[in-house]
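If you read the protein sequences in the order shown, they are chains E and L. Under this note's numbering, residues 1 to 515 are what the first sequence spells out, in order. Under this note's numbering, residues 1001 to 1108 are what the second sequence spells out, in order.
Keep in mind that a hint or two might mislead.
Derived coverage of chain L by chain E (criterion: at least 3 residues anywhere in the stretch with Cβ under 8 angstroms from a Cβ of chain E; other residues may be distant) [unchecked claim]:
| # | segment |
| --- | --- |
| 1 | 1009-1016 |
| 2 | 1019-1033 |
| 3 | 1046-1058 |
Keep in mind that the hints were calculated from the coordinates and are not lab data. The structure displayed is predicted, hence computed values, not measured ones. Glycine is no exception: its CB is placed at the ideal position from the N, C-alpha and C atoms.
One-letter residues, chain by chain:
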Amino acid sequence: MSLRSKTSDLRKRMSEAVKGGGDKAIEKQVSMGKLTARERIIELLDDKSFFEYDLFVEHAAKDFDMDKKKLAGDGVIIGTGNINGHPVCIYAQDFTVAGGSLGYMHARKITKIMDHAMQLKVPIIGINDSGGARIQEGVNSLAGYGEIFYRNTMASGVIPQISVILGPCAGGAVYSPALTDYVFMVDKISKMFITGPEVIKSVLGEEISMEALGGAKVHAETTGNAHFYAESEKECFEQIKELFTYIPWNNKKIADSFTAKPPKTRSYKVSKIFPADPTEPYDVRDIIKSISDDSGFFEVQELWAANIVIGFARFNGNTVGIVANQPLILAGVLDVDSSDKAARFIRYCDAFNIPLLTMVDLPGYLPGVDQEHAGVIRHGAKLLYAYSEASVPKITLIMRKAYGGGYIAMCSRHLKADFVFAWPTAEIAVMGPTGAANIIFRKEIAQADDPEAVRAQKVEEYKQRFANPYVAAAYGYIDSVIELNESRKFILHALAVSQSKEVIMPDKKHGVPPF
Amino acid sequence: MEENNKSEIVEMRVGDTIYKTHLNKMYKDRKPYRPPNSRELFSFIPGTISEVNVKKGSKVKEGEVLALLEAMKMKNQVLAPFDGKVKAVYVKSGQIVPKNFLMIELER
């Protein structure tokens, strides 16, 4: 064969392989409002940056007449490319090829690109669109999932791992996304569950749609499995690209630096947003925007456990991870979900060298039998663990209430915050004034001629004496009591002087956190 | 977030203070606590009732198998927690039950 005919043979083979499951299957994919796997990769990555590998991989299954079937690329596309000019490894399951089902070679392609990502120390992005295990390949598909989970775990905290759910992701397959750093889902397209509606119907007789069981909204709002929720695939890709502006490429690097811009203080004026009365709500995200570069804030897990706010902002051009109580929702209490949400984010930031800013205004833990029985002790402990363990610069701003266990948990000096600032509106005390007065002055109140009058008087006295930042400041637990509009200045300085922070950890393999 | 903004600001008590705030889905979906009652036998797992060995009025001994609840490839035994009498049976053989479904009521 001549060079020319060899080249044309290659081209022919390639043009067949890139068709995936063929025109009919592609048509069906498009009719569901979905892009094809290859289109998704091209849409997400920088223009013309994608290079594909393993296009000619074939499955090796023999049972059930599988040897007579040819599956293009075995239902998954892998390769490398760029996002925002930085390299990434990527794979996308191709639903048009045997429903994107995961067989032995399919999994081998995924683990190959994951291994590449680890060697090259670049992020790995997985686009999930698969019917699940390829049943014809039996235990080999299970092996494939296990190999992926192992690599997800090893890569955790080393390289960013992003899961994009753009179709079904069911059964064991869900655990790869669950092990990764961020899960992106799209309304009406993404579905994630362990047991699907059919099994639930046959076992329970309960009817539920896929969307109601494990759609994007459910995972973004109720389960907390999804970190980002989008209305369309396009919006989802924009979110991914924006996230990548805030995070470093691996755990030995820091995130890209941008030109510093002052906050838009005309739109976000802290004196207008912030009510001094501790029972009045406000949106803490507006306070964040009143101090961050260009009033930017990129929120993570916006819809789930909204009583705590987590996300990224920039200060002097550099990424900072923010954890803030949200008085707008449930008065900003800590509970099972909000503790989980914050704790994982703190560990993420710590793993990837992102300084932490904690903004405190909470009445304490959510009371109730359901919270106690749901394990608020175990879950709340995660927050203490995550903050204590984090060795990145830790800056805390106490805005209003910081009572009892909530004060300790929200990155207090005692969990080794580097800098703790408080506004003059801060109330830092062992418990709320009424409760404290009732305990300390129990006898005096009981023996008084007018107990209610004495109680009110004692509560007021306690409030005057203790519901302020100065008692904590007198012990040095607060470094500076600052005016509201000085916050950015103090935070910028604290970040600047913390840049070479080093913490020597005790010699250990790893801790035993209260997972 | 849009849903939270649609909801109204309400008063919520934490400790000794009443705060003005929005509630979330998790909070609204809370179920009031019911103390456990050993006379009521609930399904502890969703499944299919494959056998019912008692009927209303049956005398039962502690540890007696009252019914079988087949779930997750396992025939789970529903045992009598004490010596007593069957007050009511709410399931029949072949019935599919969800979790926390009242199957049998006993009396001492």
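Check: For the segment 1019-1033 of chain L, does the count of residues with a C-beta closer than 8 angstroms to a C-beta of chain E reach 3?
Finding: holds (count 12)
Notebook entry, point to check: Do three or more residues from the segment 1046-1058 of chain L put their C-beta atoms closer than 8 angstroms to C-beta atoms of chain E?
Noted result: holds (count 3)
Notebook entry, point to check: Holds or violated: the segment 1009-1016 of chain L covered by chain E, criterion of 3 or more residues with Cβ-Cβ distance under 8 angstroms?
Noted result: Since 5 is at least three, the answer is holds.
When the structure is compared with the earlier hints, no violation turns up for any of them.
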